[in-house]
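Trainee: So the chains spell out like this:
Number of protein chains: 2
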Amino acid sequence: MKVKLLILGITLLLFSCGENSNLQNVYVRDIPELQGALNKAMPGDNIVMANGVWKDVPIIFFGKGTKEQPINLRAETPGKVFIEGESYLHLGGEHLIIDGLYFRNGYSPKNSIIRYMISEDSIAFNCRVTNTVIEDFTKPNRLTNDRWVEFYGKHNQLDHSYLSGKSNDGETVRVFFTGNEHINNHHQIVNNYFGPRPRKGGPRAETIRIGDSKTRVSPSFTNVSDNYFEACNGEVEIISDKTNFNTFKNNIFYKCEGSLVLRHGSYATVDANIFIGGDESDFYGGIRIVNTGHWITNNYFYKIKGKQFRSPLAIMNGIPMTPLNRYLQVSDVVVAYNTWIDCKSPWQIGVGQNLESADVLPPSEIRSAPPIRTIVANNIIYNTKIDETPVINHSTMEGVLFKNNIIDNASEDYSEYDVLQDGAIKMNKINEWLYAPADSENKIMEDVYTGYDFAKINHDIFGASRTEKNSIGAINQTATAEKFKIDKKKYGPKWFSTEKINIEPKILTASSAVGQLAEKISEAASGDIIELSDALYTLPSSLKIDKEITLRSKDSKNRAELVFTGMKDSVAFEMKPKGTIRLESLILKGEQSKYAFAPLKINMASAYNLYVENCVIEDFGYVLRAYKGSFADTINFKKTIIKNCQNGIELAAEDKGDYNAEMVSVDHCIFENVQSNIINFYRGGYDESTIGGFLSVTNSTFTDSGKNEKNDILIKTRGIINVTIKNNTFKNNPVELVALLWGEKNNHHLNNTLTNSGKIKVEEQQKLKILY
Amino acid sequence: MKVKLLILGITLLLFSCGENSNLQNVYVRDIPELQGALNKAMPGDNIVMANGVWKDVPIIFFGKGTKEQPINLRAETPGKVFIEGESYLHLGGEHLIIDGLYFRNGYSPKNSIIRYMISEDSIAFNCRVTNTVIEDFTKPNRLTNDRWVEFYGKHNQLDHSYLSGKSNDGETVRVFFTGNEHINNHHQIVNNYFGPRPRKGGPRAETIRIGDSKTRVSPSFTNVSDNYFEACNGEVEIISDKTNFNTFKNNIFYKCEGSLVLRHGSYATVDANIFIGGDESDFYGGIRIVNTGHWITNNYFYKIKGKQFRSPLAIMNGIPMTPLNRYLQVSDVVVAYNTWIDCKSPWQIGVGQNLESADVLPPSEIRSAPPIRTIVANNIIYNTKIDETPVINHSTMEGVLFKNNIIDNASEDYSEYDVLQDGAIKMNKINEWLYAPADSENKIMEDVYTGYDFAKINHDIFGASRTEKNSIGAINQTATAEKFKIDKKKYGPKWFSTEKINIEPKILTASSAVGQLAEKISEAASGDIIELSDALYTLPSSLKIDKEITLRSKDSKNRAELVFTGMKDSVAFEMKPKGTIRLESLILKGEQSKYAFAPLKINMASAYNLYVENCVIEDFGYVLRAYKGSFADTINFKKTIIKNCQNGIELAAEDKGDYNAEMVSVDHCIFENVQSNIINFYRGGYDESTIGGFLSVTNSTFTDSGKNEKNDILIKTRGIINVTIKNNTFKNNPVELVALLWGEKNNHHLNNTLTNSGKIKVEEQQKLKILY
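Residue numbers (my numbering), protein chains in the order written: chain W, 29 to 800; chain R, 29 to 800.
Incorrect hints may appear among the rest.
Which copy is meant is left open, so a pair is good if it fits within one copy or across any two.
Quick list of in silico lysine-lysine cross-link-like pairs, PhoX-like style, CA-CA up to 25 Å [claimed, not checked]:
id	residue 1	residue 2
1	Lys182	Lys484
2	Lys484	Lys92
3	Lys454	Lys372
4	Lys484	Lys95
5	Lys95	Lys534
6	Lys596	Lys516
7	Lys572	Lys582
These are calculated hints, taken from the structure and not from any lab test.
Based on the provided sequences and hints, a complete structural model is requested.
Mentor: Okay, structure coming up:
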């Protein structure tokens with residue numbers, strides 16, 4: 029094996045340690061050179077990977093550096109070393125530093141990309157991965173499980189890195205506790221940028237998970253601080269803490285549809301985090317509390333509107349003598365000096381109380397134990413518009429001591445529970461999301477409750493001292509708050525930009541010449557619009573959609589007609605990972621053996637989206653047919669006629685809880701002579717911590733449909749948590765039920781007209797196959 | 029309130045702090061003076077209690093001392109201040125020291141005697157009770173629950189104290205975790221002498237309990253070190269650890285019928301403890317392991333012969349996803365450098381595996397999860413007589429790594445499992461119980477396994493270093509071991525002696541003169557023998573037995589006859605707390621409405637004992653009748669004829685698991701015409717961690733009995749764990765069953781002759797009322 033040594037003067041200057049003249053810079057240009065250098069690495073070595081694309085690289089890096097002389101593996105230029113194909117980086121030994129790599133265009137063939145362990149005999153201690161990007165390095169099959177970063181050992185670090193786009197099963201980062209080598213680990217997960225993680229539809233899509241359901245007693249001391257989380261929407265938990273003594277500090281959660289959840293962990297420090305939501309989603313979450321001994325202090329919540337499990341502050345009910353993997357009663361928790369601004373029902377106490385399900389669930393599932401020995405003190409709720417229910421009591425609050433909390437509910441009095449005092453707070457708006465109390469003008473804020481050990485809360489959210497002057501809420505000093513700005517440079521690698529360049533979409537035109545439409549789609553950039561200028565288009569084969577494409581008639585009044593003439597069982601619009609199709613003002617015709625829309629049968633690595641407006645879809649075997657493992661983020665039919673089809677919208681290819689779509693809506697549509705599966709949206713496996721599946725059917729008409737419906741139900745929603753059926757007309761559909769709703773969950777129907785069409789039934793409790 | 033101040037020169041000299049001239053010695057002589065002094069106490073004060081008896085003293089001591097200037101409450105002469113009657117000592121505040129008190133002749137009217145908390149608002153921190161004795165300060169009613177010492181707060185200490193004789197319900201010492209004020213407590217329980225605690229018969233009789241079934245995740249850091257435990261026989265657990273990070277070090281367990289049990293706690297350090305057993309009991313226990321992360325190192329076990337839950341080393345099976353109050357699977361435990369000498373089946377792995385009970389117990393009771401990721405290394409088993417089964421595998425041992433363990437099984441080869449290597453070890457016998465390997469002669473011991481973090485085991489049981497030279501087993505250096513002697517002065521107060529003075533029993537003689545026998549019993553010292561010189565004694569009223577008395581015929585060939593002529597429903601021998609009666613060679617006659625033996629109906633504060641040999645008991649309503657709350661340690665009938673009685677031995681007055689006797693035996697006896705309850709030994713409430721109730725019926729004859737037996741069972745043993753029925757003859761007893769045994773437990777029958785007497789049935793599993 030040839031290993032070329034290149035003394036890079038500049039690298040040496042940058043990397044070398046003054047006291048040591050034995051430093052060796054090893055420049056490697058291919059995999060054999062890399063492996064050779066790793067095999068020979070000595071303390072103080074710098075192994076420098078040449079710029080360029082490295083494909084299919086299994087980096088197994090074992091070495092024993094020292095604190096003073098770590099062994100370094102670095103990109104020649106940070107961000108210019110691209111790790112692609114089937115690649116991974118597994119570390120073992122001590123004091124290794126990996127710096128500046130960029131994982132993209134591929135995935136790991138292992139269970140992890142970065143792992144702080146090579147094997148059980150070769151665990152990493154004091155190793156650091158920094159300045160690294162992992163982008164869309166996701167498994168081809170969404171159902172295949174992996175983690176991107178697996179922590180083992182002790183004192184390991186992931187910092188200044190950017191991770192985004194994991195869409196398959198499994199947490200983005202996970203800390204393991206499979207032995208004494210891995211406890212009391214003091215891992216540092218700091219200054220990272222966790223970019224968007226799409227909705228997965230089902231569990232195991234946390235961004236960070238520390239431990240598992242068996243690690244409730246494990247001491248961890250993992251530090252997750254100074255990170256930026258953006259649109260981490262994988263599931264209901266952004267972070268799932270399942271071990272003890274962890275710290276979550278100074279993180280920013282920006283528009284994330286999940287919560288920081290203290291799931292099986294106890295004695296967490298959750299301090300000075302910022303949760304920024306907004307009006308565009310009802311799923312942005314806050315902090316959910318289970319277990320014992322947490323201190324939730326100095327946190328700031330803006331426009332967090334999640335409900336129940338995603339509440340801005342959810343203090344859960346537990347299960348008496350809970351099984352290991354269920355909910356420990358909350359006790360000895362302190363929630364102090366936090367501020368909620370314009371949140372919806374920010375305080376929810378006893379979340380998860382489910383005594384009404386006692387008949388369909390075993391006793392070990394019934395959360396009847398309310399929080400005890402818990403203090404909620406010195407907090408502020410401030411609303412610019414009135415919130416009718418700032419506090420929701422799901423169980424009993426007798427075990428919670430509320431002290432010196434003030435609410436300014438858009439100056440309206442609030443008195444439902446005796447847990448908040450009304451008070452007018454003078455606020456300064458610092459920026460779009462940050463409100464700080466005007467210092468000297470809020471005397472009422474200076475009456476501070478002091479509980480056991482409260483003296484340790486000696487700083488506010490922005491680091492201002494609380495020892496001289498103190499006041500309730502997250503912000504103790506207006507001056508410091510006024511200076512605060514989110515500095516994106518603190519998060520992720522400096523060389524990587526998360527700023528999106530806004531490209532104006534192009535409008536292309538496709539004529540009916542055979543093949544031209546497919547060609548235009550292929551040429552188009554994501555986001556472009558293709559207008560159909562002719563009246564009739566024949567599609568002899570599937571259109572492949574792997575980016576965002578809008579297809580519309582040039583004249584919405586004279587709708588172009590697309591006739592799909594492809595083979596039997598083929599699909600007009602084949603949705604590929606990350607494909608988004610928007611059809612506007614078109615007529616789509618097929619034949620009974622063909623499908624209008626369908627995802628790939630295998631390797632749907634990422635979600636697809638489907639928007640159909642002002643269209644007609646007729647004569648298909650299926651309008652939409654999902655396959656196992658496929659997932660649509662959004663499916664949206666609007667002002668569209670669906671007629672003479674064997675099947676309608678079928679999203680039912682699942683049995684383990686990984687359902688086929690998140691947001692499905694049908695509005696102002698007409699279904700006529702659709703023979704079965706008019707809408708079939710199904711979740712087979714039940715995990716009650718997954719709270720998705722949304723179906724909205726509104727202002728639509730269903731006629732002469734369901735003739736071949738075996739289940740005798742027109743709109744099937746088994747296992748789906750959120751269903752709204754409103755303002756529809758059902759006429760002459762030969763079924764027993766129009767819908768069978770799940771009363772205990774968020775299933776509702778209102779103002780529907782049913783004529784010769786069976787009825788809508790609500791079953792309060794449903795028995796489901798529990799997955800844990 | 030008059031408070032007399034007395035500057036005691038000598039006290040001042042002894043107690044005062046050199047740097048401080050404000051020290052105040054306050055001499056108090058009665059309760060008002062004491063309370064007044066306590067109310068005014070300032071840092072540095074010495075409140076001195078006058079010698080003598082203090083009766084009914086509620087000492088509520090709140091004060092704020094400092095580290096440099098604690099507030100002291102001291103006996104004028106340690107051990108000469110007697111706290112009697114209904115008294116207690118509750119502490120609150122900081123830096124208090126209580127020194128030299130002697131609690132006796134009474135009990136606390138509260139739930140505790142010493143409590144490190146006055147109320148939830150008044151908790152003790154950094155407080156110390158030292159040099160104190162609590163002796164027999166036990167509640168009148170055994171079923172009334174209390175603790176003698178309740179720890180709350182943080183950094184409190186109990187040291188150099190002696191506690192013995194608690195016979196009622198409740199732990200002797202308990203540490204509480206009811207809030208953030210009480211975790212991470214670093215309490216010190218050191219240099220104490222825990223004297224005998226009698227068998228209780230049922231749960232909640234630990235000597236020390238740290239936490240409860242809900243504190244599995246609580247960090248504790250309680251230190252239980254350098255204590256001496258003697259005959260702490262309350263129940264199967266001497267110490268029950270239910271929280272995390274506790275230390276048990278350098279303790280001596282001398283002939284204790286229980287174990288150090290890591291029940292709900294994890295990450296315990298169990299180092300350098302000595303467990304001394306012997307041949308006289310099969311119940312001496314060792315260390316029982318549940319949960320995760322314990323280090324069991326440098327411990328020494330001599331003649332520990334307990335089985336199953338009381339095994340010298342019991343590594344338990346857990347319950348998958350266990351409920352909070354049941355058994356967590358064992359993981360990540362290290363058992364290293366321990367020595368077992370002449371123990372019976374010292375290693376028991378998978379203890380508690382109960383898959384066979386799956387039909388009668390719910391899944392949440394089935395211990396099917398074997399230990400995992402556990403290391404057993406560098407240990408020695410040494411036997412002077414061969415042990416056929418040094419290792420018992422109750423489940424599967426695949427999750428346990430056995431490394432470098434040596435057995436010298438009286439020089440016989442042992443090879444049942446591949447977990448021990450045979451090796452001849454040259455041992456020196458240092459004293460009655462201590463064997464140390466001869467240093468230079470055991471080369472095989474020098475091959476030491478090194479697992480993760482084993483370097484921290486850097487000393488041996490007696491403090492000798494392991495860093496230069498190292499060898500397996502608890503003792504690394506013979507020279508240090510040879511110097512070791514148990515120094516009783518290290519344990520408990522120096523002023524208190526635990527040495528028993530051996531008084532030779534006196535032999536008294538009682539004639540048949542009316543009242544003389546009662547008089548002699550009253551006069552006799554405990555242990556004395558009273559001989560009956562006449563032929564016939566009439567007992568017009570009950571003989572009260574509150575000490576140990578032997579009653580025997582002067583001539584065992586010509587047995588004296590005692591005829592009880594007391595009232596209806598009265599009892600010939602009324603057993604009082606701590607009463608022991610030994611009847612030898614007597615004939616005891618009664619009437620059908622009277623009892624031969626019975627305890628008090630209420631306030632049986634302590635156990636009684638009953639030994640009957642070579643006697644005849646006839647014509648009674650009951651031979652023995654127990655009442656609820658009464659408890660006999662030993663009931664022993666030998667070579668005795670019981671005839672013409674309505675009822676025999678009834679020990680069945682219970683429903684919550686507090687059964688009425690521990691050791692019951694009947695040997696070479698004859699039962700003739702006993703109409704019901706021939707033997708009725710019953711436990712109603714089932715707690716499977718209580719493993720008692722022993723009944724042995726051997727070499728006896730039962731004839732014409734059971735005529736009025738409603739249950740159609742002659743010998744009733746429902747709920748009793750250990751039953752032996754062997755070599756008996758049953759003839760003409762009109763019952764369906766002679767006995768119904770519990771096959772899964774330690775119930776056995778052998779070699780009985782049954783003629784016209786029903787049969788003995790074994791029911792493998794019994795359904796019982798579970799108590800937790």
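Trainee: Enumerate the violated hints, using their earlier numbering and listing them in ascending order.
Mentor: 5 and 6
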